[in-house]
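For chain U, the structure is supplied; the task is to place chain V on it using the hints.
One line per chain: the protein sequences are U and V, in this order. In my numbering, each number is its position in the first sequence, counted from 1, plus 695. In my numbering, each number is its position in the second sequence, counted from 1, plus 14.
Since the hints were made in silico from the structure, they are not lab data. We treat Cβ as the ideally placed atom computed from N, Cα and C, and that holds for glycine. One should not assume that every hint holds.
To be verified - For each label pair, taking beta carbons as the anchor points, the in silico distance ranges come out as:
1) U:Asp-773 to V:Pro-101: 21 to 31 Å
2) U:Ile-734 to V:Glu-614: 27 to 37 Å
3) U:Ile-734 to V:Asp-311: 22 to 32 Å
4) V:Arg-106 to U:Asp-773: 17 to 27 Å
5) U:Met-696 to V:Asp-317: 54 to 64 Å
6) V:Gly-215 to U:Arg-772: 33 to 43 Å
7) U:Ser-757 to V:Thr-216: 51 to 61 Å
8) U:Ile-734 to V:Gly-254: 20 to 30 Å
9) V:Ala-115 to U:Asp-746: 46 to 56 Å
One-letter residues, chain by chain:
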Amino acid sequence: MRLLVDGEWRAVEVEPERPLLWVLRDALGLTGTKYGCGIGLCGACTVLVGDEAVRSCALPVSAVGDRPVTTVAGLARDGEPSVVQQAWIDLEVPQCGYCQPGQVLAATALLRRNPAPTDADIDRAMTNLCRCGTYGRIRAAIHLAARRIADGARP
Amino acid sequence: MTLTRRALLGQGLGLCLLVALPAAASPAADAREDRPPGEPVDEEVPFGAWLRVAPDGAVTVMLAATELGQGVMTALPMLVAEELDIPLDRVRVRFAPAARAYRFSFGEEGPIRMQLTGGSRSVAQLSEPMRRAGATARALLVAAAARRWGLPAGRLHTAEGAVHGPGGRRLGYGELAAEAAALPVPRGVRLKPPSRWKLLGTSPPRLDTPAKVLGTAVFGIDARLPDQLAATVRAAPSFGGRLRALDPAPALAVPGVEDVVVEDTWFAVVARDTWTAFRAARALRPDWEPGPHAGLDTKTVEDHLAARLDADRGFRVRGDGDLDRALARAARTLEAEYRLPYLHHATLEPMNATALVDGDRAEVWVPTQNQQQSLTALHRATGVPRSRCRVHTTLAGGGFGRRAEVDVVEQVGRVTRRFPGRPVALVWTREEDFTHGFYRPAVTARLRGGVDASGRPIAYGVHLCGTNIAERYVPPALANRGPFLNFVVEGLAELPYALGAVEVRFTRAELPVPVGSWRSVGNSHNAVFKECFIDELLALGGRDPVEGRLELLRDAPDHARVLRLAAETAGWGGPGGARGVAVHASFGSVVATVVEVSVEDDRLRVERITAAADCGPVVHPDIVRQQVEGGSLFALSAALHGGLEFRDGGVAQDNFHAYPVLRLARAPAVDVRLVRGSRRSRGGVGEIAVPPLAPALLNAVRAATGRAVRSLPLSRHFTV
Chain U
696 MRLLVDGEWR AVEVEPERPL LWVLRDALGL TGTKYGCGIG LCGACTVLVG
746 DEAVRSCALP VSAVGDRPVT TVAGLARDGE PSVVQQAWID LEVPQCGYCQ
796 PGQVLAATAL LRRNPAPTDA DIDRAMTNLC RCGTYGRIRA AIHLAARRIA
846 DGARP
Chain V
15 MTLTRRALLG QGLGLCLLVA LPAAASPAAD AREDRPPGEP VDEEVPFGAW
65 LRVAPDGAVT VMLAATELGQ GVMTALPMLV AEELDIPLDR VRVRFAPAAR
115 AYRFSFGEEG PIRMQLTGGS RSVAQLSEPM RRAGATARAL LVAAAARRWG
165 LPAGRLHTAE GAVHGPGGRR LGYGELAAEA AALPVPRGVR LKPPSRWKLL
215 GTSPPRLDTP AKVLGTAVFG IDARLPDQLA ATVRAAPSFG GRLRALDPAP
265 ALAVPGVEDV VVEDTWFAVV ARDTWTAFRA ARALRPDWEP GPHAGLDTKT
315 VEDHLAARLD ADRGFRVRGD GDLDRALARA ARTLEAEYRL PYLHHATLEP
365 MNATALVDGD RAEVWVPTQN QQQSLTALHR ATGVPRSRCR VHTTLAGGGF
415 GRRAEVDVVE QVGRVTRRFP GRPVALVWTR EEDFTHGFYR PAVTARLRGG
465 VDASGRPIAY GVHLCGTNIA ERYVPPALAN RGPFLNFVVE GLAELPYALG
515 AVEVRFTRAE LPVPVGSWRS VGNSHNAVFK ECFIDELLAL GGRDPVEGRL
565 ELLRDAPDHA RVLRLAAETA GWGGPGGARG VAVHASFGSV VATVVEVSVE
615 DDRLRVERIT AAADCGPVVH PDIVRQQVEG GSLFALSAAL HGGLEFRDGG
665 VAQDNFHAYP VLRLARAPAV DVRLVRGSRR SRGGVGEIAV PPLAPALLNA
715 VRAATGRAVR SLPLSRHFTV
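Chain U extracted, bound-state conformation (with noise of 0.2 Å):
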């Protein structure tokens, strides 16, 4: 099986029903996507499958097929973080940091189809778990990101 990951194809061989958060912690050695709860219901898991934001923990990777899957290692361009990701690193959002890869990937789906979100949109998209109870910060580096985007940053 092949799969677009992080904007290079790699060979896999794994049963089709693995979920793809497996294929990507230990097939390709991915482990910047976390194991959470097993049942998509924490978003540790989080990966962009094409922009959309999917719980990989749930999504057999046979369900994959051609579309790009972006995990947190791929939102770097050149070396440099996202734009989500540098408002994350200003703003000091991470604590213990496990849920924080899942996060930005959330937020990323979120501002690629809404570069303006409203408290309101954040609240809607933003269901992932954070235990430290970083959401205020969270909630303060989508609305920064969203400024960027706004002055020209690519999402």
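Using the frame of chain U, we list chain V on its own:
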């Protein structure tokens, strides 16, 4: 954290010998190393246990505490960098191995030192040794430069990682390191006075942030070693249960499964990767012997606590004045029963550990809060002598007290010893994580109080019943009398209010539910009993919650100060929703929290949180703000949703659908204020915002509805 806990945590923990250095970022590289214990890596020159200087002048600081999100990876090196006059971005950090040199104190009171990240003490207790290490290294580097130049040390100064002398002379620390380390260690090195601090008290970028945002940070679950196997476990679903029989065939039939390891109360499936192990474990039908507590359910627990309170007067922990006489004299009296549930930590990174047993050595890579006991557990599980056991600490995806337990190290040791030379990465499923925790104990409290004719509270009695987590460490007879009681009565025993008659009694619960430290420990329940009931008494006497408290806090000026600051910031008494307040001291700091809510029909919404903190001198104000923001929301999650349920002798909830936690849409803004010009000594930070949140919330609910809600979680009373 008091002498009590210090004393008992010291029990049963044997000697640890020095083990080799872990490389924080690269387990694989580290496993190939077979350095003698304590040997510095590369060309680094050690300056005592705490720091090393590389030839390029980079300084490596050894961290005795685990980074759980609370910021020690930044705050501890700041303490060194300040004294050493080196920019923070030239400082690297490495988690220290489990070793005697890295045990640190529980405070001024006791001699117990442990390598355990807990009690909110890492920065408070390590600040002196870290500053001293930096200052000593600086003095040695200056002395080395003075010898090179033939000048008196007094004519030299340090800045930006170099020693500077007259006429533009300059020598970088890297150039001086080897000579400096060979000089005699000076005694009585002076630390910089606060007036000369450049770094301490500022908020430079956290050193761990970029890796956590870019996804390159290595947590325990990300440890990768050559040729590693994966494992998962299932333990008996009921407390005290055992594995009667297991047919491993269905698991062994799954391609990629290597083995099924059977132990007395659990089994492990070992496979080529984690998902295969998960899948194969699901295919098994273990025959569990339910054990002696099979009938236990949620109601059993609640009934037991009530029955114990009925039957037992309790051990008197504190008694000021005569409570019964004061109540008899009171103009009005009040009785109330508060019931708080068992709580789970639910760290987002599930329990995990990776181990390797090779010949006569054993190593474990683990996101642990407890290096010291991890070493003991590895030794016991593998039979490898302590001197050949190594503990490598990784980043931890949340801790909250759960990772002070070393059950997963014990398990991975038992499994890995069957695979000599092959690393095994044990990862629990979320379901295993929920059902096999060490939970915050359920506690029920009965309170009695009264106010005088003017409305002033003059009597306050509390009788609580729950499991004292001290029983984990010492026998019940020892745990539940005297100093060990502090685990369960902390926060109540030090009631700060001037109340006349105060009585605190404790009755031991006899329940089989495993318990442990949960962020803020006894304070997490006792702040509710203390702050909700004082609020009820003030209401009984017609007093305002803020003004009434201030009147009673005449002997507690720091409490009064944070209370005023929180109330002013929150617009207490002004327009807006219903507000509730609480103030609580824990871990050497004081926090006052105001919660604003709205209630419509049965819908409860938390609109805003304001928290004011006094932690003494602050190393990194933004990290303190993070901890107060996050601690408030962690506590809000528990107050709204948290509560374990039991069925058939075990935990009934096994994932986030059954045990919900707070999501962003329901997380209010948290406005944090830090007291300026604090008169306190350096206090803890990581847990302090938790205790006052739940009582402030319950008090706000009473303000909004006129009804005292006396049990949690609030999801049992309102749509939240």
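Hint by hint, where does the structure go against what was stated? Just the numbers, ascending.
none
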